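Chains as they are written, first to last, in UniProt numbering: chain A, 1 to 195; chain B, 1 to 195.
If you're looking for bench data, these hints aren't it; they were derived computationally from the structure.
You can trust all of the hints, since none of them are fake.
Identical copies look the same in the list; a pair holds intra-copy or inter-copy alike.
Derived EDC-like pairs: lysine to aspartate or glutamate, alpha-carbon spacing no greater than 20 Å straight-line:
| # | residue 1 | residue 2 |
| --- | --- | --- |
| 1 | Lys-53 | Asp-122 |
| 2 | Lys-44 | Asp-122 |
| 3 | Lys-53 | Asp-84 |
| 4 | Lys-52 | Asp-84 |
| 5 | Lys-44 | Asp-114 |
| 6 | Lys-52 | Asp-122 |
Since we're looking at a predicted model, the values are computed, not measured.
Protein chains: 2
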Amino acid sequence: MINYPAGQGPHKKRRNPYSSATNYSSRGMSFEDKINQSNLYYLKHQIAVIHKKPTPIQVVKVDYPKRSAAKITEAYYRNASTTDYNGIYKGLYIDFETKETKNKTSFPLSNLHDHQLKHMHDCYQHGGVVFLLISFRSNQTVYLLPFKLLQYYLDHFQKQSIPYEFIEQNAFVCSQGIFPPIDYIQALDKFLDQQ
Amino acid sequence: MINYPAGQGPHKKRRNPYSSATNYSSRGMSFEDKINQSNLYYLKHQIAVIHKKPTPIQVVKVDYPKRSAAKITEAYYRNASTTDYNGIYKGLYIDFETKETKNKTSFPLSNLHDHQLKHMHDCYQHGGVVFLLISFRSNQTVYLLPFKLLQYYLDHFQKQSIPYEFIEQNAFVCSQGIFPPIDYIQALDKFLDQQ
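Build out the structure end to end from the sequences listed, making use of the hints.
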């Protein structure tokens, strides 16, 4: 590894303390990658401790070769029984799901499974801060939609999708940058200020 | 499925709303199974929402057979970067790790990885309720050891293990039964009452 003197060398690379060269810009990163990088930023700066849960996998067969690690040779993806992300921020229990849509005019509720909605409802009932992060690919905008609003919409309209206007008017825009790529904690602060 | 009239049929089976016949008693269940069953009990009775995180697995190769589910054909277990369990209870962020030991006189600290300790410390700093559940197989006793006490021990003694006496005197015993198999929330209440 080359240790460049201060003020010299490939700055863009070195300014990112988290990752390899291919990750130094948020361009080309998936929505999930951006959230994970943002969580790493929050963790390193002691802002919040939020992690993505591992993908649940049903292991069927495992080989145990001599002198090497156990090798899984047959396994299948399972549906998650909860949301993908949870953790703690300012002493609050945080729980959220991330969803991305190519749709321009609405967010399709089929994107959310019943067990995810139930889990979000359970956490909300117990006093958790629960929300959706919805990424609209068409205009590259990410919204934080508090569970209360999602629940309100489901209770009153029971439609197959939430219109973009409802989200635009009621949800909180997450500003985007490099560190963190998606500053959803800033949007969360705006929401919490209103409580 | 047979629907027995009320008051008849195999009661033991029917009284357990959670699981198949093989699970109706906690005998023979692993420590992890007992914690998972307890979490299910807490969830169904709206006491707490606490889940075990899936085991992290690094997927290397996946087959996509026609007309059937994606089949993972090469994958490896990874080390967890956090604790195994987290969730919410009485509006509090809960985070814990479960450890079992055959040792009679002490709890070996080698059972805890550095990244787990760091994660527990991070969560504690942010206001979370963090603890260890330690199962001593020798006397089938389960203790809830609050992170503050674990930290105290690490700071002051830096030993390879925590003596059983220290745990017996300072930690909280979890009562055991059938529903839930290990009532760690009751032990947690005792701890929280002292705060």
